[in-house]
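Place chain B on chain A using the hints.
2 protein chains.
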Amino acid sequence: MKLGRLNHVGVAVPDLAKAIAFWRETMGAAQVGEPFAMTEQGVLVCFMEMPGGGTQIELLAPLPGHCPIRAFLERNPLGGQHHLAFEVPDIAEARAAFEGMGKRVLGPTRMGAHGTPVFFIHPKDMEGVLTEIMESPR
Amino acid sequence: MKLGRLNHVGVAVPDLAKAIAFWRETMGAAQVGEPFAMTEQGVLVCFMEMPGGGTQIELLAPLPGHCPIRAFLERNPLGGQHHLAFEVPDIAEARAAFEGMGKRVLGPTRMGAHGTPVFFIHPKDMEGVLTEIMESPR
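So the sequences go chain by chain: A and B. Using my numbering, the first residue of the first sequence is number 1, and each one after it goes up by one. Using my numbering, the first residue of the second sequence is number 139, and each one after it goes up by one.
So here's chain A without its partners, still in its complex pose:
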């Protein structure tokens, strides 16, 4: 199995509005998407593109209640890099391949922020990097 391009870098932030202002004003993000809630995952999400395009930045802030981003922010109160997301052409094939290698896939395959199915793999099995595998957006 071969993965495709690095679709986005997930960055956890404690305050989404403040983070969007930072990426817009300090970092000069070229396009800032409309923030939206992913209630199943307990997160508010906002995608940004830098000038020149390429890999996006995904800001992730916790919704009220328990969610993995809140746990991450308890360890890293300022926020920080959370995960790397790589594209694959076929999510079921990719999941079977990673499971076949004995990698710990976290939970079920579910709908991701780009409207295609995704799953996550435990960082302990991925050289310390929490890894999202997502079917390429169409």
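Don't read these hints as lab results, they were simulated from the structure. All values derive from a computational prediction rather than experimental measurement. It cannot be assumed that every hint is accurate.
Unchecked claim - Pairwise CB distance ranges (calculated):
#1 B:Glu212 x A:Glu74: 16 to 26 Å
#2 B:Ala234 x A:Glu93: 48 to 58 Å
#3 B:Arg248 x A:Pro89: 32 to 42 Å
#4 B:Met239 x A:Asp15: 36 to 46 Å
#5 B:Pro246 x A:Glu25: 22 to 32 Å
#6 B:Gly240 x A:Asp15: 12 to 22 Å
#7 A:Lys2 x B:His204: 19 to 29 Å
We put the CB at the ideal spot given by N, CA and C, even for glycine.
Just chain B now, kept in the frame of chain A:
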């Protein structure tokens, strides 16, 4: 000031040979560069491209002796995401802009792994993300 594209994601690894094997075999990296030492920074470096191109992954392993990557690995023994590197057309202009915003630039501007000048900015001033600013490779 506007930054350009996300050039690479820096990933700290305790064992470069093992990490290269992982990225080649498990992740299917399309191109794996020749590892090289940056003795001034105390690191071994290897750049990788995923199929489809785009933002590269930079593996960073410590050379013997003290270096920031060794300190990072003491806190994160498995390794993990270390920094995000964004391109700019003019490094001196970018440095003046970040310093003018009161951001803590870490050390002098120096030659980076792509042969263009770079500097780093403290994560506490960058929403938790250790940020490399690099002049675009020619």
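Given the range 19 to 29 Å, decide if the beta-carbon distance of A:Lys2 to B:His204 lies inside it. Given range 19 to 29 Å: violated, Cβ gap about 38 Å.
Taking 16 to 26 Å as the stated bounds, is the beta-carbon spacing between B:Glu212 and A:Glu74 within them? holds, 21 Å
C-beta pair B:Ala234, A:Glu93: status relative to the range 48 to 58 Å that was hinted: holds, 50 Å
Given the hint of 36 to 46 Å, check if B:Met239 and A:Asp15 actually sit that far apart at their C-beta atoms. Roughly 18 Å apart at Cβ, these two residues miss the hinted range, so it is violated.
Take a look at whether the Cβ-Cβ distance between B:Arg248 and A:Pro89 falls inside 32 to 42 Å. Holds, since B:Arg248 and A:Pro89 (Cβ atoms, about 40 Å apart) stay within the stated range.
How does the Cβ-Cβ distance of B:Gly240 and A:Asp15 compare with 12 to 22 Å: does it lie in that range? holds, 19 Å
Taking the Cβ atom of B:Pro246 and the Cβ atom of A:Glu25, is their distance within the range 22 to 32 Å? holds, 26 Å
Taken one by one, the earlier hints fail for this structure at numbers 4, 7, listed in ascending order.
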